[in-house]
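Enquirer: Here are the chains, one letter per residue:
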Amino acid sequence: NAGVTQTPKFQVLKTGQSMTLQCAQDMNHEYMSWYRQDPGMGLRLIHYSVGAGITDQGEVPNGYNVSRSTTEDFPLRLLSAAPSQTSVYFCASSYSKTGGNTEAFFGQGTRLTVV
Amino acid sequence: AQTVTQSQPEMSVQEAETVTLSCTYDTSESNYYLFWYKQPPSRQMILVIRQEAYKQQNATENRFSVNFQKAAKSFSLKISDSQLGDTAMYFCAFMSAQGGSEKLVFGKGTKLTVNP
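Listed in order, the protein sequences are those of chains A and B.
Under my numbering, the residue at position 23 of the first sequence is numbered 23, and the numbers go up by one with no gaps.
Under my numbering, the residue at position 95 of the second sequence is numbered 95, and the numbers go up by one with no gaps.
It should be emphasised that the hints constitute simulated quantities derived from the structure, not laboratory data.
Some hints here could point you the wrong way.
[What the hints assert, rightly or not] Each pair of labels, with its calculated beta carbon distance range:
# : chain 1 : residue 1 : chain 2 : residue 2 : range
1 : A       : GLY16     : B       : THR60     : 49 to 55 Å
2 : B       : THR18     : A       : LEU79     : 47 to 53 Å
3 : A       : PRO83     : B       : ALA71     : 42 to 48 Å
4 : A       : THR5      : B       : LYS55     : 28 to 34 Å
Built from N, CA and C at the ideal position, the CB exists for glycine as well.
Start from the sequences and build out the full structure, keeping to the hints where you can.
Expert: Encoded structure:
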């Protein structure tokens with residue numbers, strides 16, 4: 001059971017470089033999201049998607065881009081990396097709510113350092 | 001907008017003892033979900049316990065239980081018989097029950113250390 005798979009697990013970027021964090025889920029979940037975790041800040045929502053072709057901004061969207069062409073994949077793009085984007089990134093997926101049995105499944109996280 | 005507050009940045013407890021982690025939240029909604037997530041040093045986010053706001057009964061999962069006070073907007077986590085493996089960051093989180101909204105709002109976390 002793969003669940004939510006994030007790649008890479010670690011990445012070092014130079015300021016101005018671009019990269020894509022990959023996220024894939026095999027649970028046929030409709031809802032997928034990206035969070036960043038910073039010390040003392042908890043997890044904050046970057047972008048989310050309620051289904052293929054539909055995305056929206058979360059609390060901290062600046063500097064990030066997303067798309068959702070399939071139900072399974074939800075990549076996060078950094079167009080021009082900045083040191084302020086040094087963080088741990090988590091992808092999560094869950095069903096759309098039916099019957100109140102809601103649970104978000106998380107990937108293992110990507111530790112990104114921008115130098 | 002909803003907010004979640006965890007007022008204890010760090011806590012410690014002796015093995016086999018009981019510890020309670022605090023969480024308060026602010027919302028104008030009447031129906032929602034509350035969660036406690038555990039994040040061990042491996043970084044994996046693990047769901048510990050979930051509470052539906054419309055249920056008056058407090059959720060329990062083995063050694064983990066919650067004290068859900070809806071009127072006070074309080075959602076504390078009690079860990080009984082603490083084990084070394086409980087050492088982790090613990091995050092309280094809120095999710096609206098409004099249709100199509102599965103966004104989680106997290107508190108800043110409590111770092112729990114279980115001492116032998």
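Enquirer: Evaluate the given range 28 to 34 Å for the C-beta pair formed by THR5 (chain A) and LYS55 (chain B).
Expert: holds (33 Å)
Enquirer: Between the beta carbons of GLY16 (chain A) and THR60 (chain B), is the distance compatible with 49 to 55 Å?
Expert: holds (51 Å)
Enquirer: Could one say that the CB atoms of PRO83 (chain A) and ALA71 (chain B) fall in the range 42 to 48 Å?
Expert: holds (44 Å)
Enquirer: Please check whether THR18 (chain B) and LEU79 (chain A) have a Cβ separation lying inside 47 to 53 Å.
Expert: holds (49 Å)
Of the numbered hints stated above, none is contradicted by the structure.
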